[in-house]
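Enquirer: Each chain, written out:
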Amino acid sequence: MAKPKIAIFDFACCEGCQLQIVNLEEEILSLLGGADVVEWREAMSEKSDEYDIAIIEGSITRMEDEERLKVIRGKAKVLIALGACAVIGGINKLKNNFDDLEEVKKCVYGKAAGKPHLHTGPTKAVGEVVQVDFSVPGCPIDGKEFTYIVRSLLMGKTPEIPEYPVCVECKANGNPCLWQYDQVCLGPIIRAGCGARCPSNGFRCFGCRGYVDKPNVDAAKDVINRFGLNIDDLKTKMVLFGSRQEPTIYE
Amino acid sequence: MTVKKIAKSDFTSFVDALIRTEKTIGVQAKGDRFDFAPLESAKDLRLDYDVTLQPPKKYFLPPSEVLLTFEVGGPYQSQLDGQKFILLGVHPYDMVAINQMDELFQQDNCDVHYVTRRQNATIIACDVAKPSDHVFASSMGTAVVKKGYDILLTDIGDSFVAEAATPKGEQLLAKAKGVKADAQALKKREDVWARNKKSLNKHELKCDPAYLPKLLAKAYKHPVWEEKAKTCFSCGSCNQVCPTCYCFNVQDDVNWDLKTGQRVREWDGCLLDGFTKVAPAHEFRKARADRFRHRLYRKGAYVPQKIGGQIACVGCGRCVGACLPDIANPVSIYNRLIDDLGIG
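Protein sequence lines correspond, in order, to chains V and C.
Per our numbering, residue -2 is the first one in the first sequence, and the count goes up by one each step.
Per our numbering, residue 2 is the first one in the second sequence, and the count goes up by one each step.
Just chain V, same shape as in the assembly:
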């Protein structure tokens, strides 16, 4: 049986998730043993139009990127969204909170704002443009979770990523709850799978893996009240990765 062909593509992102794949070092060789990587801009110069599995990093912010992504989807049998930008829109969706995107562009790029390659619209997650078969959440992705998902697919198995929130892994690690130390941690509403890396190192959960399928908004409001906070205290913590997670419509 021929090895499946994998191609890795990047869109609007910092390319840090691809870097996590590069950082796998020895495991990359194993990956190459099980699959043919035919295109991967960050790590090789070859290109190819033939691939079975397309891995998409980054979010979609330009019309031409939408078109490019649709072409990739048309060629790939399986499409994987890689990292927070691709899976939920990530930090790039911060700008969707503003009504005037021209103003946002000027604020970010200054004099260069008028250049044609910066002509962007509201940010979309990959799944808002094309069908996504599997997601690797996180900012950046967890290398172990990525390799597990790829191995599962090579085996023809459906990979299982946690449906439950970060608290599960945080408690299993024996951490005290950061809420009891005055941190507004997003752990109770954010998908686990990171091993509760941030709270285990004393930082609140920033929410990079996106919400669980059924976050309990009533519970969040109740806890905010119990801790004498107001809803904006929570919202300001959710804005970094949680902005506009519903589908984004171009005007």
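Don't take every hint at face value.
To be verified - Chain V regions said to be covered by chain C (calculated; three or more residues, Cβ under 8 Å):
| id | region |
| --- | --- |
| 1 | 24 to 34 |
| 2 | 55 to 69 |
| 3 | 104 to 117 |
| 4 | 182 to 192 |
| 5 | 203 to 211 |
Stated by the list, open to error - Facing chain C, from chain V, some residues (calculated, C-beta under 10 Å):
| id | residue |
| --- | --- |
| 6 | Tyr145 |
| 7 | Arg148 |
| 8 | Ala169 |
| 9 | Gly171 |
| 10 | Asn172 |
| 11 | Pro173 |
| 12 | Trp176 |
| 13 | Gln177 |
| 14 | Tyr178 |
| 15 | Asp215 |
| 16 | Ala216 |
What the hints contain is simulated information worked out from the structure, not anything from laboratory work.
Ideal placement from N, C-alpha and C gives every residue a C-beta, glycine not left out.
Using the hints provided, position chain C relative to the given structure of chain V.
Expert: What follows is chain C alone, placed relative to chain V:
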């Protein structure tokens, strides 16, 4: 069996001797809280702790463990953890929880992974010196314990009373410098037991715990489940810190050769979304309130049926402290049911 009185300074040398001979896990400070962790020096041991963040369960049933390695279509090999260790500072309520798990894991298909770790363990229990904020062991009849440990320690001020309960415990205790406990020391120990039977009771259950299965038999449709579950995150924190929750999930993972792999067992929790998902995608306890109710029924009705009526909540109070919306407290739920449904 031997009952010794060991001066605190001699006890420190005893613990250092234990650390030198065998892997020793003891209660230590973790920030302003406490937890079990490998002990490097007796001076780190904190037997004056109130409660640990995690129960000692993880040393018998780790959060994640490889059960076996396999080759697709070929042979498999069970993976057993053969390392001997001493677990030092287990409170009575946690000891009761371990005793219950010992029964459960040996029932039906005996769980060789659990049993192997348990057999490799020497448990030195210790009576509670300082009640935690949410302990209700007095209500659950678990404030003192009479079995399961190899040695039981009781702090009586300037010294410990140490009683060996097994040949293993006897052998270890022989290494400790001390004298045979006199009547005065034993009296002090009785006083600690009498005190703890009353004082480990920050939440007071309004009935004898033995009544809980009968209470729950008439509470299945009570509104409390919906009411509480409204603000439940389904985060499973109550499950994760519970000394008697033992549900797990098993997954296979393959290596890069796509031929060999390992079967991994991980903690699961009945509060979690997806806990009851079965192949291909049927979920038989989908509603948050149903999962919320299930935990209280496990503790008060279902598990007791498997272990001769013992209630599977030992009153450690960890879930009470771990639940952000403060809905997990079993005592407040059981008491509410007693108020509404009466006793008898």
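Enquirer: For every hint, state whether the structure bears it out.
Expert: These are the hints, each one checked on the structure:
1. 24 to 34: Check passed, 5 qualifying residues.
2. 55 to 69: Since 0 is below three, the answer is violated.
3. 104 to 117: violated (count 0)
4. 182 to 192: As far as the region 182 to 192 of chain V goes, the hint holds, because 3 residues have Cβ atoms under 8 Å from chain C.
5. 203 to 211: holds (count 3)
6. Tyr145: Result: holds, 6 Å to nearest chain C Cβ.
7. Arg148: holds (6 Å)
8. Ala169: Holds. Min distance 4 Å.
9. Gly171: holds (4 Å)
10. Asn172: Since the shortest Cβ distance to chain C is 7 Å, the answer is holds.
11. Pro173: holds (5 Å)
12. Trp176: It holds, given that the least Cβ distance between V:Trp176 and chain C is near 6 Å, below 10 Å.
13. Gln177: holds (8 Å)
14. Tyr178: Because about 8 Å separates V:Tyr178 from the closest Cβ in chain C, which is inside the 10 Å limit, the hint holds.
15. Asp215: holds (6 Å)
16. Ala216: holds (4 Å)
Checked against the numbered hints given earlier, this structure breaks hints 2, 3; the rest are met.
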